[in-house]
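Asks: With the sequences and hints as input, model every part of the structure.
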Amino acid sequence: MRYLVTLKVTAQPDGPPPADLMEAIMKLGQEATESGALLDTSGLAPSSEGARVEVSGGRLIVSDGPFAEAKEMISYAVYEVRSKEEAVEWASRFVKLHRDLWPGWEGEADVLRLFGPADFAPPA
Amino acid sequence: MTVADSHRAVEAVWRIESARVIATLARMVNDIGLAEELAQDALVAALEEWPRNGVPDNPGAWLTLTAKHRAIDQFRRRDTYQRKLQQIGRDMELRQEWAEADLDDALDDHIGDDLLRLIFTACHPELPVEGRLALTLRLLGGLSTAEIARAFLAPEPTAGQRISRAKRTLADKKIAIELPPPAELPARLASVLEVIYLIFNEGYAASAGEDWIRPSLCQEAMRLGRVLAGLMPAEPEVHGLLALMEIQASRIPARTAPDGSPILLLDQDRSRWDRLLVRRGLDGLRRAEQLGTLGPYGLQAAIAACHARALTPQATDWARIAALYRLLAHLTPSPVVELNRAVAVGMAHGPERGLEIADALLEERALRDYAHLPAVRGDLLARLGRADEAAAEFRRAAGLTRNARERELFLERAAGLD
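Residue numbers (this note's numbering), protein chains in the order written: chain A, 7 to 130; chain B, 14 to 431.
Each hint should be verified, as a subset may be incorrect.
To spell it out: a stretch of chain B is covered by chain A in this simulated footprint if at least three of its residues, at any positions, have a beta carbon under 8 Å from a beta carbon of chain A; those stretches are [said to hold, decoys possible]:
no., region
1, 19–28
2, 230–238
Taking beta-carbon pairs under 8 Å as the criterion, some of the chain B residues facing chain A (in silico) [what the hints assert, rightly or not]:
no., residue
3, I265
4, P266
5, L289
6, R293
7, P346
The calculated lysine to aspartate or glutamate pairs, modelled on EDC-like cross-linking and capped at a C-alpha distance of 16 Å, are [to be verified]:
no., chain 1, residue 1, chain 2, residue 2
8, A, K102, B, D70
9, A, K90, B, E24
10, A, K90, B, D18
Derived by calculation from the structure, the hints in this document are not laboratory data. Even glycine gets a Cβ: it sits at the ideal position worked out from N, Cα and C.
Replies: Here's what the structure looks like:
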């Protein structure tokens, strides 16, 4: 089963993230890679460098970032795991690092299953 | 959270941590069977305690520590503590290790080597192949005996016997849980790679709609391949095998028709190939190429990559595939590889050249009942305009195959030539 985990930040203290946190994130990423679960991951640049393409009222609207939401998406990861709980465990470890190493940081990770061959398989 | 939910959460942690916990314990008690029992005890303890008190911050360390305490208790209770320690001959070392205050650091220092030792022991050439497969899935994959039985379509007692027999063999033959000496490394690594690829192929051979555990063996094999690539990053064949499995697995979404029948590579809808696996496979192959000369797995990955890179079947670089098959035939001579080369040469340099290679295989005893030899010759003869001979070859192929869908396909080709 493949899961996409997106990390969104709702509140964070001023200044760059602590070096300890960055190191711990690197270490956890390496651990998840070496345990065979993490297939792909990347941090995301601020939405001020991005754009949004939207359909509304039959019109196509392209607008440059930053997006107005209070939650900024800051990274994504794709995991290959054997259960939802396993994906949740990796997401929890990731979020815990932020809690423990960057006081004041608040955010959320969404754990979403990606469709796979089983979803399109003929009925057994 | 219901009890079932929290049990699943504990099991998820177990899946992630079990191999490392068993590996650490195996080093300490020098016995794989005992290490696994102790780890299982720790799992039972976790199932009791975590739903009550929450998952600890470092669940792997918790499991390892709990298992170690069980080990001490057990040795004392059985009154064999001293004897066991003497037998292992590591009394002081062990006490010191168990007293280690900073468990995390202790784990981190050893964990990679411990895992490697466990992998090499589970895949030891002294064990029969099915024992290696079962033990690897059990110790490195955290699969239960019931799951292993289902995966190999075997009765549960049979799977259980394979595991216990393998463990007994390791103990009887006094096979140490250690890394192979450098001189033995190539052969021992080959055994590990063989086990992983056999697990993959067992999953790849499973058809859609079968018990989910069988197709999931592909994921398990790729996971093991990734673990190994992390532990032995300098071995080209480790990356080669992983790349081969990832590129082959990328085709899983495209290789079965809605009625369950297989779709041949050149007929597949390439837009359904798994792009993430293709990309990872091509990256892995590049790493293998950078590390040294490609071995048999790397070459097969390179051949699979030729297909993965082609956006359409017509864009396939058959000349490169033919050259790669020549290298593969040189490393691992086999009539089947040679037959594949005949196909590639036929596509790259014309049916006549391909037929020359295929015809040379007619005397091969190993291919006497192999349906694909007449099928390949039939295809090449048809392209040369020798329709009668081609039809006869396809009928011969239909008579040889045991696969009903394939028989149908060959007979259709024959009928189309009459």
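Asks: If a hint holds in the structure, say so; if it doesn't, say that too.
Replies: Here's how the hints hold up against the structure:
Only when three residues or more bring their CB closer than 8 Å to a CB of chain A does the claim for the region 19–28 of chain B stand; here the count is 6, and the claim holds. Using a Cβ-Cβ cut-off of 8 Å, 5 residues of the region 230–238 of chain B lie near chain A, which meets the minimum of three, so the contact claim holds. Hint on B:I265 holds. Least Cβ distance to chain A is approximately 5 Å, under the 8 Å limit. Using the Cβ-Cβ criterion of 8 Å, the hint placing B:P266 at the interface with chain A is satisfied: the shortest such distance is roughly 4 Å.
For B:L289, the interface hint holds, the least distance from its beta-carbon to any beta-carbon of chain A being 6 Å, beneath 8 Å. Evaluation of the B:R293 hint against chain A yields a held restraint, the C-beta minimum of about 7 Å falling below 8 Å. Checking B:P346 against chain A by beta carbon gives a least distance of about 33 Å; that is not within 8 Å, so the hint is violated. Between A:K102 and B:D70, the direct Cα distance comes to roughly 9 Å. Compliance with the 16 Å bound is thereby established for this hinted pair.
Taken as a hint, the A:K90 and B:E24 pair is honoured in the structure, with Cα atoms around 11 Å apart against an allowance of 16 Å. Restraint check: the Cα-Cα separation between A:K90 and B:D18 comes to about 11 Å, which is no more than 16 Å; the hinted pair holds.
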